[in-house]
Amino acid sequence: MGSSSSSMDNIPNAEELMQETGFSAAHLLRLYERFEFLDKDQTGELRPEDFGAVGGLALNPIGDRIISAFFSPGRETVDFPSFVRVLAHFRPNDTNRTRNGTQQEPVNSRTRKLKFAFQLYDQDRDGKISRAELLQVLRAMLGIQVTEEQLQSIAERAIQEADLDRDDAISFDEFRKSLEKVNIDHKMSIRFLK
Amino acid sequence: MQRCGYVLLLWLVGSVLLLCPVSGVMRVKDKAALTHKEPHLKPSESKSNANGTEHGHGSSIKKVPIVTFKWHHVEAPYLIALWILVAGLAKMVIEANHHVTNVIPESALLICFGFILGGMIWGADKVQTFTLTPTVFFFYLLPQIILDAGYFMPNKLFFSNLGAILIYAIIGTCWNAASLGLSLWGCHKGGAMGDLDIGLLQYLLFGSLMAAVDPVAVIAVFEQVHVNEVLFILVFGESLLNDGVTVVLFNVFDAFVSLGGSQIDAVEIIKGIISFFVVAFGGSLLGLVFGLLVSLLTRCTKNIQIIEPGFIFVLGYLAYLTAEMLSLSAILSIVFCGVCCQKYINANMDEKSVSTVRYTMKVLANGSETMIFVFLGISAIDKTIWVWNTGFILLTLLFIMIYRFIGVFFLTWILNRYRLVPIGFIDQVIMSYGGLRGAVAYGLAVMLNESKIKEKNLMISTTLIVVYFTVIFQGITMKPLVTWLKVKRAAVTELTLIEKVQNKLFDHVLVAIEDISGQIGHNYMRDKWNYFEEKWMSWALMKPSVRKTRDHVFNVFHQLNLKDAMSYVAEGERRGSLEFIRNESAFIDFKKKFGDEFSEAMPDIMADMSDDHGAASDMRRHPVPSVSLEMHEQTMKGMRETEDINTHHLLQQHLYKGRKQHRHRYSRSHFDVNKDENEVQEIFQRTMRSRLESFKSAKMGVAPPKTISKYSKKDQQQKMPNGKSLDKSKSYYSGDEDFEFSEGDSASGYDASGSTFPMRVTYRAGAGIENPAFMPDMDPMAPIQIPPWLAEAELDSGMVAPSQRAQVRLPWTPSNLRRLAPFRASAQSNDSFMLADAPATQPRDDEELPPPPSPPPPPSNRDGGYM
Chain B
1 MGSSSSSMDN
11 IPNAEELMQE
21 TGFSAAHLLR
31 LYERFEFLDK
41 DQTGELRPED
51 FGAVGGLALN
61 PIGDRIISAF
71 FSPGRETVDF
81 PSFVRVLAHF
91 RPNDTNRTRN
101 GTQQEPVNSR
111 TRKLKFAFQL
121 YDQDRDGKIS
131 RAELLQVLRA
141 MLGIQVTEEQ
151 LQSIAERAIQ
161 EADLDRDDAI
171 SFDEFRKSLE
181 KVNIDHKMSI
191 RFLK
Chain V
1 MQRCGYVLLL
11 WLVGSVLLLC
21 PVSGVMRVKD
31 KAALTHKEPH
41 LKPSESKSNA
51 NGTEHGHGSS
61 IKKVPIVTFK
71 WHHVEAPYLI
81 ALWILVAGLA
91 KMVIEANHHV
101 TNVIPESALL
111 ICFGFILGGM
121 IWGADKVQTF
131 TLTPTVFFFY
141 LLPQIILDAG
151 YFMPNKLFFS
161 NLGAILIYAI
171 IGTCWNAASL
181 GLSLWGCHKG
191 GAMGDLDIGL
201 LQYLLFGSLM
211 AAVDPVAVIA
221 VFEQVHVNEV
231 LFILVFGESL
241 LNDGVTVVLF
251 NVFDAFVSLG
261 GSQIDAVEII
271 KGIISFFVVA
281 FGGSLLGLVF
291 GLLVSLLTRC
301 TKNIQIIEPG
311 FIFVLGYLAY
321 LTAEMLSLSA
331 ILSIVFCGVC
341 CQKYINANMD
351 EKSVSTVRYT
361 MKVLANGSET
371 MIFVFLGISA
381 IDKTIWVWNT
391 GFILLTLLFI
401 MIYRFIGVFF
411 LTWILNRYRL
421 VPIGFIDQVI
431 MSYGGLRGAV
441 AYGLAVMLNE
451 SKIKEKNLMI
461 STTLIVVYFT
471 VIFQGITMKP
481 LVTWLKVKRA
491 AVTELTLIEK
501 VQNKLFDHVL
511 VAIEDISGQI
521 GHNYMRDKWN
531 YFEEKWMSWA
541 LMKPSVRKTR
551 DHVFNVFHQL
561 NLKDAMSYVA
571 EGERRGSLEF
581 IRNESAFIDF
591 KKKFGDEFSE
601 AMPDIMADMS
611 DDHGAASDMR
621 RHPVPSVSLE
631 MHEQTMKGMR
641 ETEDINTHHL
651 LQQHLYKGRK
661 QHRHRYSRSH
671 FDVNKDENEV
681 QEIFQRTMRS
691 RLESFKSAKM
701 GVAPPKTISK
711 YSKKDQQQKM
721 PNGKSLDKSK
731 SYYSGDEDFE
741 FSEGDSASGY
751 DASGSTFPMR
761 VTYRAGAGIE
771 NPAFMPDMDP
781 MAPIQIPPWL
791 AEAELDSGMV
801 APSQRAQVRL
811 PWTPSNLRRL
821 APFRASAQSN
831 DSFMLADAPA
841 TQPRDDEELP
851 PPPSPPPPPS
861 NRDGGYM
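First to last, the sequence lines map onto chains B and V. For the first sequence, position 60 matches number 60 in full-length UniProt numbering, and the numbering has no gaps at all. For the second sequence, position 332 matches number 332 in full-length UniProt numbering, and the numbering has no gaps at all.
Fair warning: there could be bad hints in the mix.
[As the list claims (entries may be wrong)] No more than 20 Å apart at the CA atoms, straight line, and that leaves these computed lysine to any residue pairs for SDA-like:
| # | chain 1 | residue 1 | chain 2 | residue 2 |
| --- | --- | --- | --- | --- |
| 1 | V | Lys535 | B | Leu59 |
| 2 | V | Lys504 | B | Leu38 |
| 3 | V | Lys156 | B | Val182 |
| 4 | V | Lys500 | B | Phe116 |
| 5 | V | Lys488 | V | Thr477 |
| 6 | V | Lys528 | B | Ala58 |
| 7 | V | Lys189 | V | Leu397 |
| 8 | V | Lys528 | B | Leu193 |
| 9 | V | Lys528 | B | Phe116 |
| 10 | V | Lys156 | B | Asp185 |
| 11 | V | Lys454 | V | Leu200 |
| 12 | V | Lys504 | B | Leu193 |
| 13 | V | Lys535 | V | Tyr524 |
| 14 | V | Lys504 | B | Ala58 |
| 15 | V | Lys500 | B | Glu180 |
| 16 | V | Lys302 | V | Ser355 |
| 17 | B | Lys177 | V | Thr496 |
| 18 | V | Lys500 | B | Arg139 |
| 19 | V | Lys488 | B | Glu180 |
| 20 | V | Lys504 | B | Ala132 |
| 21 | B | Lys181 | V | Val421 |
| 22 | B | Lys187 | V | Leu157 |
| 23 | V | Lys500 | B | Glu174 |
| 24 | B | Lys187 | V | Val421 |
| 25 | B | Lys181 | V | His99 |
| 26 | B | Lys187 | V | Leu162 |
| 27 | V | Lys504 | B | Phe118 |
[Stated by the list, open to error] With the C-beta cut set under 7 Å, the calculated list includes, among others, these residues of chain V facing chain B:
| # | residue |
| --- | --- |
| 28 | Leu259 |
| 29 | Ile307 |
| 30 | Thr496 |
| 31 | Val501 |
| 32 | Phe506 |
| 33 | His508 |
| 34 | Leu510 |
| 35 | Gly518 |
| 36 | Gln519 |
| 37 | Lys543 |
No lab work stands behind these hints: they were computed from the structure. Model, not experiment: these values are computed from the prediction. All C-beta atoms, glycine included, are put in the ideal place defined by N, C-alpha and C.
Given the sequences, and given the hints that come with them, work out the whole structure.
And the structure:
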């Protein structure tokens, strides 16, 4: 939210953040440390280069997409609350919490997780995964192992499988339907260390 | 069927009865073949050989015998073979009644069958001639089951739950052993079982042999209930690994018992603990080494493909024996050998060898599983081993149950604090209840040394009771319990590409998130391992030729396409010979899914997606690994054999042979090149003509007709009356001369049908395509699926089209055209075949046409599945 730069000794709006993201204080503290570690020049905000410094991301075929998912459109930096909010997508879904919190969908709900994945494809943010967008991701993930034509036909087939309204693109609803049988909660969660 | 079963049963009984007196007569050799198979086998063979020759000599002096009866000559192998036959027949009879096996698991039935057989043998011999001896069990029956389990292990699932599995297998088993031993000892002290000569150490020894959940029993029961995969892998993985643990514990306590209570001090105990780890990890390591060895070996067996499947079995067995020799854990060794080599050998070996390995594995494992259960039953019918002590037996049963529950719940409680996906309460109940004991416990009990353990027979009978109780009672109640508790079952999922792509994406995302949040988690480790594996292991252990196409997504894609191609042909076959009509009935599901206005590029695929039968094939290179012992469940699902055979035959006769028959057969030593002179000639001429024509038209700037059309609704509804179409198609494929591939005809034909022609996108090699890289001809999948970005491509005049005569005969309906699809596919690949073979005569074409390594058409792929 605000540009309230985080102070050194305590995390701003820690209570709110915990409420919103469901992270415990220990989690939050750990993530804050991590945030500060990544924030090399101590601005209280991360720039894409800061993420680039994370070793593994360079090897990750879709690392750049994931980095850009941390930045809301038009912004060059990400502050700690937004950082945590993005990470909160990957918190495992604790059932009791979701059941109670009907008033507002928690950030780690199935839909939100899927939305996150969807946006990794949907680079132009038009709400649809076009063939070209899918192809880009596929190319990144499959790399040189498969020839371009094979990639094309894989993309084609994948789109055909999901595309219900035959507009040659996958909308979010179609995306969600195609993954109905997948246990997203398992596949899109990690165990955050305390 | 049933009647047949009874007849067989009678026959079986007869054969057994026959067998018994014979073996009774031969009791001179005291215990017959199976009991002392191995020390007995070689000597007896050579001895009887000698006998035979002597006999021959001796008799030649008197008179020439026409026939002699030489039972001794063949006794041991004969009995073994007979037993295998009997066990196999037993299984067949049992499996004939599905409504029985639905209620009572097969393993329980086999044990009961063993009771009956044992009774007969007892009746005939008055002594139990055949029992399951530890040597036979551990050396000849167990290894292949464990190897099978390792080879078919779903690796990803196994390793992602390895932590939990190890905790259950090691701590859980130790807990079971200690608690059972101590409690029994306590009860003994309390006087619950009367006067028994068993000390604390003996109780612990007994506890350790009873501790292990038995993989054979677990597979047998769980494969019929289809619980969710995580639950299954937990129980199954535990049962596999804890065998190693239990054997180690057994040996340690056995040594302690031999030492005697007074000799045991802290040093000995520490030595015991150390030996535990050495034995377990040493065994696993040895297995890994052997696994790598197999993988390396299969890398260079391309010239001896016919025996390469043998290596897996021999080396697996050697891994087992070597571990046994070094007194390491043989079971762990062979498990890890299988786990480690599966990926590489599947990639390295020829496809035929892979399916050979698969089937042989299943045959052996299933066979010995059957034998084990039958013999477990037979062994019970022996008066000499039965010592009844109600207190001991009942308390053992009770404690096993209770401590299993306590152990599982306690360990799960700890594990759940660290697990991303906690193990639910119901799953825990099933895990505890699934603690079946089996032949391993029995084998160990029989191995007890009678001189040191006075109550050996009591222990054997208790073990048998426990085995029977768990396998029969718990086995039978497992299914109702699973249903009643509403345990999450294994989801029957359809393979879809998008899901696989997603899963891959998710993996990457999770790794990235772990990276960003700066923790070294599970995903991080897996990613690092994958990286290492890809970079080094695959490099070292895989043939270079197969390394490229190993990506999982691509594999799935390949599988799906194969499946489609199969069902495409099967569908055409079902509808009457070669008529590949796409009428509404084929589209029903599809329409439901995609609405009326579908079509575009892939009518075949779509139609076939909606067509769910005839799907799987043994061509599938990587079916989802499953530890199910039932091979047919994996590969034979939905196979309609007769039709497939027909189709195969048809294709064999009427399709031109592709140059390469099988896409995946890299480095084949025997390469089936099309040798049919006439065919080659004909194809060559057609190809030449069409190319000439296309060249002409290109030169003259005549743009070939564009025919991009969609299915109109009318087309889809247009359905040919079945009889008529059958008729026509018969006349159609009955003679090759009907096909004249003159492009003039076909072009006009396509033109004429331009408005209704379904969008099987076709293109002409050579003309009208801007980007040669996009030529679908180079694409293995092209004949089945041509993406719409090629939609602007022109119709291929060189493709197989009916001759004028044929066209006259056939009204131009879209269905007629569509039915030609498979032919066209084959002709396409022959195009490039010709090119490859005659580049000199066709210098001009080289630049426009796809390079030689053209993949075979899908029909030939299908062909290959049946060779």
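> Quick one, are lysine 504 of chain V and leucine 193 of chain B close enough, alpha carbons at most 20 Å?
Replying inline: Distance ~24 Å between lysine 504 of chain V and leucine 193 of chain B Cα, so the pair is violated.
> Holds or violated: is the Cβ of leucine 510 of chain V closer than 7 Å to a Cβ in chain B?
Replying inline: The hint holds - leucine 510 of chain V has a Cβ within 7 Å of chain B, the shortest such distance being about 5 Å.
>> With the threshold set at 20 Å, check whether the alpha-carbon distance from lysine 488 of chain V to glutamate 180 of chain B stays at or below it.
In response: holds, 16 Å
> Does lysine 187 of chain B pair with valine 421 of chain V here, judged by a C-alpha cut-off of 20 Å?
Replying inline: Roughly 10 Å separates the two Cα atoms, so the pair holds.
> Within 20 Å, alpha carbon to alpha carbon, are lysine 504 of chain V and alanine 132 of chain B?
Replying inline: holds, 18 Å
>> Quick check on the hint: isoleucine 307 of chain V CB to chain B CB, less than 7 Å?
In response: violated, 31 Å
>> For lysine 500 of chain V and phenylalanine 116 of chain B, compute the direct alpha-carbon distance and say whether it is at most 20 Å.
In response: Since the Cα atoms of lysine 500 of chain V and phenylalanine 116 of chain B sit roughly 17 Å apart, the hinted pair holds (cutoff 20 Å).
>> Would the hint linking lysine 504 of chain V and phenylalanine 118 of chain B be met if the CA-CA limit is 20 Å?
In response: holds, 14 Å
> Is lysine 535 of chain V close enough to tyrosine 524 of chain V, meaning Cα to Cα at most 20 Å?
Replying inline: holds, 16 Å
> Can the restraint linking lysine 488 of chain V and threonine 477 of chain V be considered satisfied, given a maximum Cα separation of 20 Å?
Replying inline: Satisfied, since the Cα-Cα distance of roughly 17 Å is no more than 20 Å.
> Within 20 Å, alpha carbon to alpha carbon, are lysine 504 of chain V and alanine 58 of chain B?
Replying inline: holds, 17 Å
> CA of lysine 189 of chain V to CA of leucine 397 of chain V, is that 20 Å or under?
Replying inline: holds, 18 Å
In the structure shown, a violation is registered for the earlier hints numbered 2, 9, 12, 25, 28, 29, 37, in ascending order.
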